[in-house]
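Student: Given next are the chains, with one letter for each unit.
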Amino acid sequence: MTDPANSLSAFLELWEFFGSATLAGVIAGATLGALGVWVVSRRMVFFTATLAQTSGLGIVVALIAWHAWFAVEAAHLHELHAAPGPEKTVFTAAAAFVVALATSLVLVGRADAARRDAWLGWGWIAATAGTLGLGGLVSQEDIPNITTWMFSGRGDGGILAPEDLRHVIRTCVPIGLLHLWWFRGFAATTMDAESARVRGVPVGVLNGALVVSLAAAVSLCTWELGVLPVFAYSTLPAIAALRVSSNLWRAFLLAMAIGAASGFFGFYLAFRWNLSVGATQAMTAAAFVLVAEAIALPLGWWRARQRAARPSAG
Amino acid sequence: MSADPVLTTDRLVVGRSRQPLLPAVDVAVRPGELWAVLGRNGSGKSTLLRTLARVLRPVSGTVERRRGLRVSWVGQRTAIDTTVPARCRDVVRSGLSTGWRFAVPLLGSSAVDEALALADATALANARFHELSEGQKQRVLLATAIVSDPELLLLDEPASAMDAASERHLFDVLDRVRADRRTAVVLVSHHVDLTVARATHGIFVDADAAVVATGPIDVVAAAPAFRHRYALPDEPCA
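These protein sequences, in sequence, are chains A and B.
Going letter by letter, the first sequence gives residues -2 to 311 in the numbering used here.
Going letter by letter, the second sequence gives residues 773 to 1010 in the numbering used here.
Some hints could be false.
Partial selection, computed: residues in chain B whose CB lies under 10 Å from chain A [what the hints assert, rightly or not]: (1) R826; (2) R829; (3) S844; (4) A875; (5) E903.
The following label-pair restraints were derived from C-beta to C-beta distances [said to hold, decoys possible]: (6) D885(B) with G201(A): 31 to 39 Å; (7) H962(B) with V209(A): 41 to 49 Å; (8) A301(A) with D885(B): 20 to 28 Å; (9) L5(A) with E903(B): 35 to 43 Å.
If you're looking for bench data, these hints aren't it; they were derived computationally from the structure.
Glycine included, every Cβ here is placed at the ideal spot set by N, Cα and C.
One chain only, chain A, in its complex shape (with noise of 0.2 Å):
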């Protein structure tokens, strides 16, 4: 039988504590799930992946560097209290290895697909590599903040400070809504880039302009929400979404919804259950895929039997 101290309500009546970190969940589900159905359709699943792990190379290189350079300055100058802390610097450091990867990827892309993936691969392996080889060089207290940083985010624990879910806002509800505003231009590209490179559709800026909205949520989702929920967003509601919906704007719209429902239900059920709030998010847009499975399998069938009874159109 549920606990009530476990119930909906009483998680609702708990918002003050948890309401920044769901909400977080919420707008960073509903932004990279919209996100996710242009990486989906264009094949680029490992994409976000690679990105996410990128920023934790970023991590890594940024802490070995912070206590190389700052740490020692500031002791120097016996003003160790007034150094910067290390966040700041990690943080722009994973964030430019992101947008750098992302970048060349822009470049990469241009040429063909089959290089994109290549190079995709082998930011992936280098990124890992390079996070678990220089992960040696890091000190011994900033591993605890590593694993924090790559996998928790910073909302480990079901509790986000207000200004980091304005960080959150502040990335994601503009690049939702550019996504929105240009969604033709984005479905154009998807749909034939060559027809629309034709037609004078800025194939180029399209490009450009997806990858570094992805990138910049990516990096900033990360930080604040982890690894996890990120590729899991980034993928796992659009790929609900394009398999029961008959176009892609329909798509777009359900990503959104199932992305946004995975933030806000994976929340509450780590809540529920006492369980990690960015495995049990991840946990809930997969079982959103395999609800839409259901959906398809039996739709699907009777599409093909209401084709089968129609007359042929030529």
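Given chain A's structure and the hints, the job is docking chain B onto it.
Tutor: Just chain B now, with coordinates in the frame of chain A:
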């Protein structure tokens, strides 16, 4: 009286990886004309068309288009990935995105309905694009190409999967857009008899023999290189 050309080439040399494939091509395509690009497999037809479409860069020479020209394109392969869910209506609507128009709210769908009707694809409007036969897909892609009311239409083997009746209908549609909208058409085709009968101008290309013949279709069809390549008698039939 002939109108100003919508597209001209000046000593245009096309090729791959900066290697010339054909001798220089000089053409001036005017509104309402139908230019057929003819030649055997691997003769450079698609390379020439893709260069005219600015998908490929010329090896040398230039392709000039009238300023602000609206261009549409139907490629040889269906480029729409099977992971992208799309009804035929959505595919045709995507053709309305020209230049930066995607940033402007779209009003109405009468142009989509008109294009589907013109391409004889109204019955397919709500069908899923990936569930169509290849011939049906080509009709929908033709509707996608004409929905934006282009001034220049570039088609790479638009009838390769069509039956004979559908192919004749394709040329009827092209005749209508040429007559009603003064659209210029450049198309690649392997179906020589029908294409020569319906085109106004031709570009015969033969990479192996390093030959290019351009001009009114009857002149191109009478060119010795063309007749030799297609094993036709020396004089064209009346």
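Student: Is the interface hint satisfied for E903(B)? The criterion is a beta-carbon contact with chain A at less than 10 Å.
Tutor: 6 Å, holds
Student: Is the hint on R826(B) kept, meaning its closest Cβ partner in chain A is under 10 Å away?
Tutor: Given a least distance of 7 Å, the restraint on R826(B) holds.
Student: Is the shortest C-beta separation between A875(B) and chain A less than 10 Å?
Tutor: 6 Å, holds
Student: Interface hint check: R829(B), Cβ to nearest Cβ on chain A, cutoff 10 Å. Holds or violated?
Tutor: 13 Å, violated
Student: So does A301(A) sit 20 to 28 Å from D885(B), Cβ to Cβ?
Tutor: Holds, since A301(A) and D885(B) (Cβ atoms, about 27 Å apart) stay within the stated range.
Student: Is it true that the C-beta distance of H962(B) to V209(A) lies inside 41 to 49 Å, as the hint says?
Tutor: Distance hint for H962(B), V209(A) holds at roughly 43 Å.
Student: Is the distance from the Cβ of L5(A) to the Cβ of E903(B) consistent with 35 to 43 Å?
Tutor: Hint holds: Cβ distance 42 Å, inside 35 to 43 Å.
Student: With a cut-off of 10 Å, does the beta carbon of S844(B) approach a beta carbon of chain A closely enough for the hint to hold?
Tutor: Interface hint status for S844(B): holds (6 Å vs cutoff 10 Å).
Student: Does the Cβ-Cβ separation between D885(B) and G201(A) fall within 31 to 39 Å?
Tutor: Since the Cβ atoms of D885(B) and G201(A) sit about 32 Å apart, the hinted range of 31 to 39 Å holds.
When each numbered hint is compared with the structure, a violation occurs for hint 2 only.
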